[in-house]
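> Residue-level listing of the chains:
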Amino acid sequence: MISFSNVSKEYPNGTKALDRIEFFVNNGEFVFIIGPSGAGKSTLMKLIMHEEQATSGQIDVNGYNLRKIKNRQISKYRRSLGMVFQDFRLINQMTVYDNVAFALRVTGVGGRDIRRRVFYILDLVNLLQKAESFPNQISGGEQQRVALARALVNNPAIIIADEPTGNIDPELSTGVMELLCEINRCGPTVVVVSHEHDLVKKLDKRVINIEKGQIVSDSSCNATTGPAIDNNNKKRGLNEK
Amino acid sequence: MKLHSLWYLLGQGIKNVWVNQLLSIASVGVLTVCFLLIGVATLFSYNLQSFAHGVEKKNEVVVFVGDGMAPSVAVNLKKIKNVASFVFVSKETALKEQLSQLDEGGALFEELGQNNPLPDSYRVALHDVDIVNKTIKKIGTITGVEKVNSPTEVAKVITTIKNTVSYAGVFIVGFLLLVSLFIIATTIEMTIYNRRREINIMKFVGASNAFIRVPFVVEGMVLGIVSAFLAYAVLHLGYVYMFDVMAKFEIDVLPMIRENIVPFAELGTYLLAGFLCSGPIIGMFGSVFFVRKHLKV
Ligand SMILES: Nc1ncnc2c1ncn2[C@@H]1O[C@H](COP(=O)(O)OP(=O)(O)OP(=O)(O)O)[C@@H](O)[C@H]1O
Ligand SMILES: [Mg+2]
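Protein sequence lines correspond, in order, to chains A and B.
Basically my numbering = 1-based index in the first sequence + 5.
Basically my numbering = 1-based index in the second sequence + 443.
None of these hints come from the bench; they were simulated from the model.
All C-beta atoms, glycine included, are put in the ideal place defined by N, C-alpha and C.
Treat each hint with caution, since some may be false.
Looking from chain A toward chain B, a few residues come up when the C-beta cut is under 10 Å (computed) [said to hold, decoys possible]:
{"#": "1", "residue": "Leu71"}
{"#": "2", "residue": "Ile96"}
{"#": "3", "residue": "Asn97"}
{"#": "4", "residue": "Arg110"}
{"#": "5", "residue": "Thr112"}
{"#": "6", "residue": "Asn159"}
{"#": "7", "residue": "Ala162"}
Here chain A is said to cover these stretches of chain B; the calculated rule only asks that three of the stretch's residues, wherever they fall, bring their Cβ under 8 Å from a Cβ of chain A [as the list claims (entries may be wrong)]:
{"#": "8", "stretch": "444 to 453"}
{"#": "9", "stretch": "627 to 636"}
{"#": "10", "stretch": "644 to 655"}
Whole structure, please, built from the sequences with the hints as guidance.
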């Protein structure tokens, strides 16, 4: 569950990135966030990640009040989120395998489980043969998929993806979006920032449109697309069993 | 923290030393140079002191005694605490020694033999040369003692030098320690600044502060230990080499210096112990302190 009530964000340099944002995402929902460049989409994501803090208003995610969250709770809170950053944020000193495995290791999972899980996820994003490469040895699209794999690997309750298809060709981006939809069917909430309006239209999900820091439209207010959880379609989701 | 996590983090710390080769080399280089400076300063000041002490020891107090008083003076000399040892020099021996420095000494000795103007004497070595004046006064009060010759002016100068060196040594080593700490702190800060992105990402993926810190701490300790051994090895080789070279020259003071060289083994162990204590601790605390800055995301 993600809830923003009356949230504004002003950066220290005076830029007003978000202005009285108000929305609610149910567990298991799939939401697109669209809007022109500079609208404040990444800022919204950063607020959810607790990378930035709201200037005013209240944000609740997974039962955490982000205004009151304690420093030592933050790492645990972040483990319940799977984040794909617009700039990937892979660790250059680690192989693709270790980058993905790291998200598991921080949760205290041990050796053999890690191997199985990481290889399963790398297979899911078609990167098995790049497992031992370093981020600077693979293409931008591949890096993006590593970032996606890392976000998925520890079964987070919420997956947040900032332009997960920004660097890949149309075919692959359809593939990534379909993967996110499939994952969403297994339970996790998915929030995706996207520029690709055609793709967004085709998938027929809830769309929140932001312009100049304000929500200008939210399709859930006038459409019937509620939380779409299809329990029959679990054969290729997050859990390999 | 679970045991397998701890093993992973330990391994990660050691691996990072290798992964960040350039930064590791820079850190080890800086730390080693600092250790070397401190080591050289310590060795130099110790040797200078040892040399000065050797020179002092060579300068005995000469106690002249009246005719026939020698045995009773000896009894009293033994009672003075600061007297380490003494040798009796009869008036005949003294005369021989003096005349042997002259060309026709032999003949003169024959002539003067019956009429020796020199008194009997004791050559006294002291435990603590610093309180020589007090001891001389004490010896002067012994009945039968006619005159006490204090050590030469040279010895006094050397004592002053020795004291100055020991104070200056402490000061210089302390100063080098401070400078080293500053340089090391800057190096660690730069190293970690270079890796702030890595630290940030780890935080965003949900790593706890401890999880991020442990590898850095291990890394800092490993670099500290490597630097300690490296500095020790360089000091040892340099020290031995320097005195090997010295042995090949023949200059007047060299035998004196050689006699008083502090063997490396005597100080080396302490230096290594000091390096091994401070190196890893510096690495550890430096890491903890400077990683902290980047953990606040
Ligand atoms: N750290 C920052 N400091 C100051 N201003 C910032 C900062 N980050 C973003 N901004 C500003 O806030 C506004 C919103 O930026 P944001 O990155 O959220 O846009 P966006 O919708 O993600 O754009 P894009 O589609 O190009 O990624 C922009 O005007 C941007 O310049
Ligand atoms: Mg953005």
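> Does each hint hold? Answer for all of them.
Hints versus structure:
1. Leu71: At about 14 Å, which exceeds the 10 Å cut-off, the nearest Cβ of chain B leaves the hint on leucine 71/A violated.
2. Ile96: 5 Å, holds
3. Asn97: Asparagine 97/A check passes; min Cβ-Cβ to chain B is 8 Å, inside 10 Å.
4. Arg110: With a closest approach of 6 Å, the arginine 110/A hint holds.
5. Thr112: For threonine 112/A, the interface hint holds, since the closest Cβ of chain B sits about 7 Å away, which is under 10 Å.
6. Asn159: 8 Å, holds
7. Ala162: Since chain B brings no Cβ nearer than about 12 Å to alanine 162/A, farther than 10 Å, the hint is violated.
8. 444 to 453: holds (count 5)
9. 627 to 636: Contact hint for the stretch 627 to 636 of chain B vs chain A: violated, 0 residues under 8 Å.
10. 644 to 655: holds (count 10)
Comparing the model with each numbered hint stated earlier shows that hints 1, 7, 9 do not hold.
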